[in-house]
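Here is what each chain is made of, one letter per residue.
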Amino acid sequence: MELYASLQVIWWLLLGVLLIGLAVMVGMDMGVGTILRYVGRTDTERRVALNIIGPHWEGNQVWFVLGGGAVFAAFPLIYATAFSGFYVVMLLLLWSMIMRPLGFEYRSKLASQGWRNMWDWALFISGFVPMVVFGAAFGNLFRGVPFHFDWSLTSTYTGSFLGLLNPFAILCGLLSLSLSVFMGAVTVMNGAEDVMFTRARGLARSAAIAAIVLFAVGGFWVHGMTGYVMGSNPGAGVPQTPLQQTVTQAAGAWFANFHAHPALWLVPAIGFAGLLLGLLAASARRSHLAWWLGALAWLGVIGTAGVALFPFLLPSSSVPAQSLTVWNASSSKLTLTWMVGFAVVFVPLILWYTSWAFYVMRGKVKAADVVADEHAY
Amino acid sequence: MHDINVVDLSRLQFALTALYHFLFVPLTLGLSFLLAAMETVYVTTGKEIYRKITQFWGKLFLINFAIGVATGLTMEFEFGTNWSFYSSFVGDIFGAPLAIEGLMAFFLEATFIGLMVFGWERLKRGQHLAVTYLVAFGSNFSALWILIANSFMQTPEGAHFNPVTMRMELTSLSDLIFSHDAQAKFVHTSIAGYVTAAVFVAGISAWYMLKNRHTDLARRSFRMAVLFGVLATAGVITLGDALGFIGGQAQPTKLAAMEGLWKTEQAPMPFNLIAFPSQKDQTNHGEVQVPYALSLLVTHSVDGTVPAIDALEQEATQRIKDGIPAVEALQTLSAKPGDVAALDQFKAHEKDLGYGFLVQRYAPDVSKATPAEIATAARDTIPQVAPVFWSFRAMVAMGLAMLAYFVLAVIYTMRNRVERKRWFLKLAVWMIPVPFLACETGWLVAELGRQPWTVYGVLPTWMSASTHSVGYMIFSLVGFVALYTVFIVIEMYLMVRAIRRGPDDHAVTLPHDTLHADRLAGYAEG
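Line order of the protein sequences matches chains Z and W.
Residue 149 in numbering that gives the first Met the number 0 sits at position 150 of the first sequence; the count goes up by one each step and never skips.
Residue 195 in numbering that gives the first Met the number 0 sits at position 196 of the second sequence; the count goes up by one each step and never skips.
There's no promise every hint is true.
Cβ pair distances, simulated, as ranges [what the hints assert, rightly or not]:
#	chain 1	residue 1	chain 2	residue 2	range
1	Z	Pro233	W	Val469	34 to 40 Å
2	Z	Trp291	W	Leu209	55 to 61 Å
3	Z	Glu192	W	Val406	53 to 59 Å
4	Z	Pro261	W	Lys123	52 to 58 Å
5	Z	Glu373	W	His159	53 to 59 Å
6	Z	Glu373	W	Ile273	34 to 40 Å
7	Z	Trp114	W	Lys123	54 to 60 Å
8	Z	Asp149	W	Val301	49 to 55 Å
9	Z	Gly340	W	Ala403	43 to 49 Å
10	Z	Trp355	W	Ala310	58 to 64 Å
11	W	Lys123	Z	His222	43 to 49 Å
12	Z	Gly340	W	Asn415	30 to 36 Å
No farther apart than 30 Å at their CA atoms in a straight line, the calculated lysine-lysine pairs in the BS3-like style are these [what the hints assert, rightly or not]:
#	chain 1	residue 1	chain 2	residue 2
13	Z	Lys365	W	Lys123
14	W	Lys210	W	Lys51
15	W	Lys346	W	Lys46
16	Z	Lys332	W	Lys210
17	W	Lys367	W	Lys51
18	W	Lys51	Z	Lys365
19	W	Lys51	Z	Lys363
20	Z	Lys332	W	Lys51
21	W	Lys350	W	Lys367
22	Z	Lys332	W	Lys123
23	W	Lys123	Z	Lys363
Some, not all, of what chain Z presents toward chain W, calculated at C-beta under 8 Å [said to hold, decoys possible]:
#	residue
24	Gln243
25	Gln244
26	Tyr352
Read the hints as simulated data drawn from the structure, not as lab findings.
All C-beta atoms in this analysis are idealised placements derived from N, C-alpha and C, irrespective of residue type, glycine included.
Build the full structure now, drawing on both the sequences and the hints.
This is the structure we're talking about:
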């Protein structure tokens, strides 16, 4: 394969890695936020839950920031078109997310119950809303989004805010939410004891079952859905604009890649296996194992979406020929090359010191320690 | 097509959210290094007081840091949500430093800040010190990459326009990173952060000395801060001068606006100390001038000249005329990629493409642009002079005032007299807002002075915005104003409270460990 085309595929894969990293790391913290008021009934219990992720949420959140930055750098047209097209949804996502740093940092600074309750609700919203939006955004990729370009590639979005909240998108949003609740719950199991552990275990099991059902229903739904088929185009690894291709729509087209390459069925199988085994591991109180299986489930679920859509990244429902793909939305060869270089150097380094940070803070969070520690959240 | 009201509202929103974010960033940049310095003293001397000092300022650091992180997310979203054409047009270049910022800086800063806060008991002293330094390096690296990105907007280097993909593309990453503007801007801005932190720490320490509280902590913190501050302020002024020198050559319209230069004059040119520029009359009212000073300040020589607005407007008129064929050719190429005649025409006029875009605001079909429309577009190349002129003077005046303040502070603290100079301690408290305002005015000079371009000479602001409706923009503006107002009230309250309580305040626990609302909701404990 030609170098530029390989780089485009590598960045498509790296984008997948970043989205999975985001879903696993940020998703677990947001899951804890979502279930905070359930697993923690007293103030000390809630502080225990917050302090389990306290040392790490900030680093984890960078997966989200980096995900955005990488889309910007590697697929600028996607970043530009999706962020502006999904304007209202993006703002709801942003506004819910920016409450989170303050929620962690400010919540336990005052002793007032009303104050802490307010921040607990803020942490709930900033866990719940972003994960639903994250999944719903994926759902809309399957249906296509109404946007088109003029001659200069200025994009115009012609849909409404409510159009993005269609039933399939909501299903995907709930799938993403249940995966994040599963990860949040097993994270609490990792760090808490006794009654909180028991509550989290119950939640983890329910969330895993919900995710299995939603993933399966989603699969059947996509099977009957009208997908997009690439017609004539300049081809992979050829510098181009999205104005030079033809695209048709066909029912069941999103399964074409699986039919063409049956080995790809492994990807959704990994998703189901991760969830089923994760359910068993959580039931067996093996929460660390369940965490890794949950991460595997994320890989399977996001991987399934990516594989089904390939080479599409953001299909246009109003002008399908202007759909954005891995080939027409990527950065130049030089930029992709440099970015691969930086990723190769820094991602292992990041994984190494992140692991060290988790190693330093390993073990259970004890209620008495949280109350006594003046640095605790 | 772009609605100019939407462009203006998008600019307003970006300016408000960026200025707001930039209230918290400089303190993070500087205080992270001050914390590292304080902890270094603790680790090397073993004196407990320095641990207490580090932890106290660390607490204030975190209150500020949280809101900086939160509002920083907004910035990353806004390029895509509100400046989508900008993002796709220069994303090939501009996206790279942002992604590298994430890889190299944010992960470092954010991963280790968790250990900095929670790791006091779990890490060895040396390890914790290393962690604190890594946080400082992380936050300063992030400033480096974001300012490299910003410098591309000011003086685009290392990129060219590719007519095949209809966008700007990277030609040299090293040209982008090592542009003189980027280097000078990084040092100027990050050191401005050190000044901010120094004034902040010195001011709060002075308040404790005035109240006769925590005097040991306050005296030591004050001394460290003002020594750090005097060096940093000298650095900020030196680099500001360098940045003016570099930026002035690269962005003559910004320089002309900063200095209120309407008419071309002979060297040696006088400096407008005070003036009331009028955009309408294209002149200044009530000028107070210092002879020779402008040539000396800007060109560092007596016979240097600085191009004035009248000449720059004339030059822009010509470039707009030359840019029109480039836009025409590009329109052809968009429909028929590889059209040889269009490609030749484009190559011949490529360097003025951005100027061609300028007139497209008034003449959507550029081939029909009238002389009047070209003249209007040429006039657009001059930024609003009065706000740039005054922001610049305010910034410089505050910088010089802080230098004088720090020089005095160093003298007093070295002679151990500062506690007896109550007027000076009061002044130190009143100085706290000054560096924050200076940073904000610095942003205004840089970004208002860059108008009407998002990428100077390459991409006009009017084209860069997303094609939203006015209703969407009002929705988002109202949301930001509401949310950010609540945030600043909470942040200021917590900050002032933490300062009032001082270093001996410990984490608070609810007296009755059950949440009232939960009792009402009838949760029972199992």
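Which hints from the list above does the structure break, by number from lowest to highest?
6, 7, 11, 12, 15, 16, 17, 20, 22, 25
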